[in-house]
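Listed below are the residues making up each chain.
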Amino acid sequence: MMEEVKEVTSPLSVHSHNIKVSEVLKDGDTLTFLIVSQKLSGTGEYHVDRTYDDFEWLQQHLFSQEDVPGIQGVIFPPLPAKAQVNASAKVMKQLGFLGLGEWQPYCKALETFLRQVAAHSILSKNNAVEIFLTSSDPPGRQRARKNIFNRLSQAVEEMRKEGHKDVDEFFQTERDHNLVLTGCTKTAAERFLDVVLTEQKIAVACGHFSAVLHLCVEPGEDPDKQAFTKACVKLSEVFDSMKKHMTSVAENNVSTLGLGLDLESRYQEAEKEMLFRRTCKLVELETARRNAEKAKPVKKAAMEEVKKAAETEFDHICQVAKKEITQFHSVRVEMLQQALVQWCEKQLVTAKENADQFNQHLQAFRGMA
Amino acid sequence: MADTARDPPPEHTDFQELEDAEDLFPEPVTTQESEPASLPAEDISTNSNGPKQDSLFDDDPEDLFAEATEEVSLDSPERDVLLSDGPSPAITPITPPTSVITPRIGLAHDDMFTHSSFDEIEEEEGGDSFDIHISVSDPEKVGDGMNAYMAYKVTTKTSMSLFKSTEFVVKRRFSDFLGLHSKLASKYLHIGYIVPPAPEKSIVGMTKVKVGKEDQSSNEFVEKRRSALERYLMRTVKHPILLKDPDVLQFLESSELPRAVSTQALSSAGLLRMVNKAADAVNKMTIKMNESDAWFEEKQQHFENLDVQLRKLHASVESLVCHRKELSVNTAQFAKSAAMLGNSEDHTALSRALSQLAEVEEKIDQLHQDQANADFYLFSELLGDYVRLITAVKGVFDHRMKTWQKWQDSQMLLQKKREAEAKLQFTNKPDKLQQAKDEIKELEGKVQQGERDFEQISKTIRKEVSRFEKERVKDFKTIIIKYLESLVQTQQQLIKYWEAFLPEAKAIS
Chain V
0 MMEEVKEVTS
10 PLSVHSHNIK
20 VSEVLKDGDT
30 LTFLIVSQKL
40 SGTGEYHVDR
50 TYDDFEWLQQ
60 HLFSQEDVPG
70 IQGVIFPPLP
80 AKAQVNASAK
90 VMKQLGFLGL
100 GEWQPYCKAL
110 ETFLRQVAAH
120 SILSKNNAVE
130 IFLTSSDPPG
140 RQRARKNIFN
150 RLSQAVEEMR
160 KEGHKDVDEF
170 FQTERDHNLV
180 LTGCTKTAAE
190 RFLDVVLTEQ
200 KIAVACGHFS
210 AVLHLCVEPG
220 EDPDKQAFTK
230 ACVKLSEVFD
240 SMKKHMTSVA
250 ENNVSTLGLG
260 LDLESRYQEA
270 EKEMLFRRTC
280 KLVELETARR
290 NAEKAKPVKK
300 AAMEEVKKAA
310 ETEFDHICQV
320 AKKEITQFHS
330 VRVEMLQQAL
340 VQWCEKQLVT
350 AKENADQFNQ
360 HLQAFRGMA
Chain G
0 MADTARDPPP
10 EHTDFQELED
20 AEDLFPEPVT
30 TQESEPASLP
40 AEDISTNSNG
50 PKQDSLFDDD
60 PEDLFAEATE
70 EVSLDSPERD
80 VLLSDGPSPA
90 ITPITPPTSV
100 ITPRIGLAHD
110 DMFTHSSFDE
120 IEEEEGGDSF
130 DIHISVSDPE
140 KVGDGMNAYM
150 AYKVTTKTSM
160 SLFKSTEFVV
170 KRRFSDFLGL
180 HSKLASKYLH
190 IGYIVPPAPE
200 KSIVGMTKVK
210 VGKEDQSSNE
220 FVEKRRSALE
230 RYLMRTVKHP
240 ILLKDPDVLQ
250 FLESSELPRA
260 VSTQALSSAG
270 LLRMVNKAAD
280 AVNKMTIKMN
290 ESDAWFEEKQ
300 QHFENLDVQL
310 RKLHASVESL
320 VCHRKELSVN
330 TAQFAKSAAM
340 LGNSEDHTAL
350 SRALSQLAEV
360 EEKIDQLHQD
370 QANADFYLFS
380 ELLGDYVRLI
390 TAVKGVFDHR
400 MKTWQKWQDS
410 QMLLQKKREA
420 EAKLQFTNKP
430 DKLQQAKDEI
440 KELEGKVQQG
450 ERDFEQISKT
460 IRKEVSRFEK
470 ERVKDFKTII
480 IKYLESLVQT
490 QQQLIKYWEA
500 FLPEAKAIS
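Line order of the protein sequences matches chains V and G.
Residue numbers for the first sequence follow numbering that gives the first Met the number 0, beginning at 0 and rising by one.
Residue numbers for the second sequence follow numbering that gives the first Met the number 0, beginning at 0 and rising by one.
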């Protein structure tokens with residue numbers, strides 16, 4: 000069932016801010032995501048189910064909008080890596096936080112992706128978005144056209160361009176800054192993931208200790224034995240609490256700051272890609288200018304044409320890029336703030352609950368003695 | 000037999016347990032052999048439980064029993080005299096001459112067993128209630144290179160009249176503790192007392208310290224050892240009998256202590272210990288005891304089970320401690336990366352929030368470390384201590400088996416001698432016959448002694464086990480409460496940190 004994606008742009012018929020990836024279903028090796036979006040006019044919802052391939056289809060369509068001026072200056076909302084059932088260790092490492100918690104964080108990341116796409120002034124106009132969110136049939140699985148965004152296809156020598164000096168201070172600063180931030184954010188995210196994984200290990204260890212304690216039941220009516228048994232059982236409950244506590248702490252970490260750092264990290268990479276595309280265009284432009292200068296009279300006109308086209312394209316890209324960067328700066332600060340506030344609030348609630356519970360245990364123990 | 004202190008301190012222990020003990024007994028007798036002391040015989044006999052097997056602190060009990068049978072018979076008044084022997088508590092024990100071995104007679108006396116238990120004696124304890132606190136602190140490296148050692152300050156605070164003063168400090172090294180344990184073990188283990196085991200040696204750990212490595216792991220090692228030594232001393236003095244042992248008192252009070260060289264692992268004494276341990280293990284396997292007392296059978300099974308469970312718990316806690324330490328390391332790393340992120344950040348408020356985040360994480364790291372320490376020092380070490388204690392308990396049960404075996408051996412030998420004597424009756428060898436009769440008389444004494452010893456050790460063990468079980472419950476409960484308190488405290492701290500951070504996070508705009 001293939002729907003032709005008409006190359007017309009039309010406004011999106013659903014709200015962007017409350018798109019939900021409400022469920023994930025496992026069917027053998029495939030994961031299917033249930034997406035719910037609210038109609039703009041009136042009350043009504045669209046419920047669709049999509050697989051990861053469908054997300055990729057969407058992304059490919061967004062990438063291949065060559066006729067949109069300055070499209071290369073867009074910071075494309077990053078799509079998470081593919082999730083797999085029974086993923087290999089390598090894939091799990093790549094997914095990081097998104098691989099934890101029974102795919103709940105992963106769903107959240109997909110949700111963020113869709114919301115960002117749907118809210119984007121340029122991208123939301125692409126019909127593929129409408130089809131993806133509203134069509135009851137799965138969007139076409141055909142291979143998208145080769146597009147300019149397949150970095151893999153970029154020749155190795157293109158990578159040298161990454162360091163090419165910029166003509167615009169604004170962009171040079173942004174490129175330098177982005178380079179530093181990308182590295183720092185990635186490291187912070189990885190280290191935070193290590194923290195979460197260790198917290199999970201502690202939860203398991205507490206559970207284990209609790210189980211062994213429970214086995215320390217000594218039969219008999221001897222008062223000392225009974226007292227010891229009682230103490231062990233109570234302690235077993237304490238460690239069970241500790242297990243639950245650690246699990247909550249780890250979950251809080253993942254669902255707030257973990258997701259936040261993950262998104263920030265991927266978004267910084269997306270900005271990096273955009274800046275690189277622009278730099279490549281800059282190099283292209285400078286080459287075109289040189290060619291036009293050095294061109295022999297017979298070729299001059301043609302070279303001038305090429306130079307003019309490159310200049311126009313580059314200008315468009317810069318315009319879009321500037322807007323995107325400004326937008327990006329404010330969005331990411333807001334996003335990180337939200338992540339930090341939520342993180343702190345959740346951990347505070349958990350800490351208070353735990354303090355209460357441990358206190359109860361303590362009082363119970365004191366009463367026993 | 001002169002290699003261990005031969006003083007009969009447990010004797011005077013018993014008498015300490017009596018009301019107005021000091022009044023009853025004369026000044027310390029230096030030769031404790033059969034010097035009668037003036038004491039009202041009646042008082043003694045009412046406390047016929049008094050004489051315990053305690054003074055049978057001899058590596059070679061055979062000789063001891065021999066002396067016993069020779070010198071005193073069961074009902075002689077001399078028994079009472081012997082019972083009175085015992086120095087007053089303040090005596091600093093020196094190695095007394097071998098003849099000082101005070102025979103313990105009257106053990107099988109019926110009176111003793113009509114007293115329901117030793118617990119009664121302890122309840123009669125007048126005098127001090129248990130009030131003593133020992134701390135081991137200020138580890139200090141003394142000397143250089145491979146001859147260097149750690150000296151620890153041992154501070155005792157007490158109101159008990161057992162001691163010369165209420166607060167005193169001495170310096171001790173690790174081998175001193177081992178020496179103390181060695182003396183106590185040789186005196187009390189084989190008669191059924193559960194002597195707390197000394198902390199373990201660690202050649203690797205100490206070498207690091209000697210070599211002068213001032214890093215975290217060697218500091219941790221020293222702290223672990225210091226804590227273990229403190230627990231060891233407290234456990235030892237909690238034992239009502241051991242508390243009054245002159246070696247213990249000397250250890251705590253006297254400023255100079257003769258160096259215990261035989262505790263070195265690789266010394267000849269050390270090697271001898273290892274050989275003996277191996278021999279013991281073999282012997283244990285070959286002793287097949289007819290257990291007539293169900294209590295012992297049940298208890299042995301109980302301790303076997305407990306041993307298994309405690310080891311499991313210990314392993315489980317060690318895993319937990321390991322992960323906690325890992326968490327601390329990871330948290331510190333994350334804090335660093337958050338700080339770097341904050342530094343690279345343009346947006347002022349976000350940058351500040353991220354720096355605050357880094358600080359919070361550093362503080363949380365400290366909490367994790369504290370928690371790991373609590374896990375370790377409270378639980379892991381406690382469980383380790385108890386695993387070792389149970390080994391001592393099992394050892395005491397083994398000694399009982401050995402005592403039984405010895406009694407049985409004497410009986411069998413007696414049987415043989417009687418048969419031989421019967422045969423000799425029909426020969427015309429009066430000398431040999433007389434010799435046989437003498438030997439039989441001797442063996443009869445030995446058999447009786449063997450039976451008494453067996454009854455005695457069984458009785459002691461019952462008491463000890465009861466005390467051990469009570470202590471165990473108390474210990475665990477105390478530790479659990481401490482642990483819970485630390486958990487609550489950690490959470491409160493955590494709440495404070497989060498509450499402080501929240502406004503910073505909200506301030507980003």
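Treat the hints with caution; some may be incorrect.
Claimed, not checked - Here are the computed lysine to aspartate or glutamate pairs in the EDC-like style, where the Cα-Cα straight-line distance is at most 16 Å:
1. Lys81/V <-> Asp52/V
2. Lys505/G <-> Glu333/V
3. Lys469/G <-> Glu220/V
4. Lys469/G <-> Asp223/V
5. Lys495/G <-> Glu292/V
6. Lys462/G <-> Asp221/V
None of these hints come from the bench; they were simulated from the model.
Against the structure, the hints:
As the CA atoms of Lys81/V and Asp52/V are separated by approximately 9 Å, the hinted pair is consistent with the 16 Å bound. Proposed proximity of Lys505/G and Glu333/V is supported: the alpha carbons are some 10 Å apart, at most 16 Å. Proximity of Lys469/G to Glu220/V is assessed by CA-CA distance (about 14 Å); at most 16 Å being required, the pair is judged to hold. Restraint check for Lys469/G and Asp223/V: the C-alpha separation of about 6 Å stays at or below 16 Å, so the hint holds.
Between Lys495/G and Glu292/V the alpha-carbon distance is near 68 Å, which puts this suggested pair outside the 16 Å criterion. A C-alpha spacing of about 15 Å is found between Lys462/G and Asp221/V, which places the hinted pair at or below 16 Å, so the restraint holds.
Checked against the numbered hints above, the structure breaks only hint 5 and satisfies the rest.
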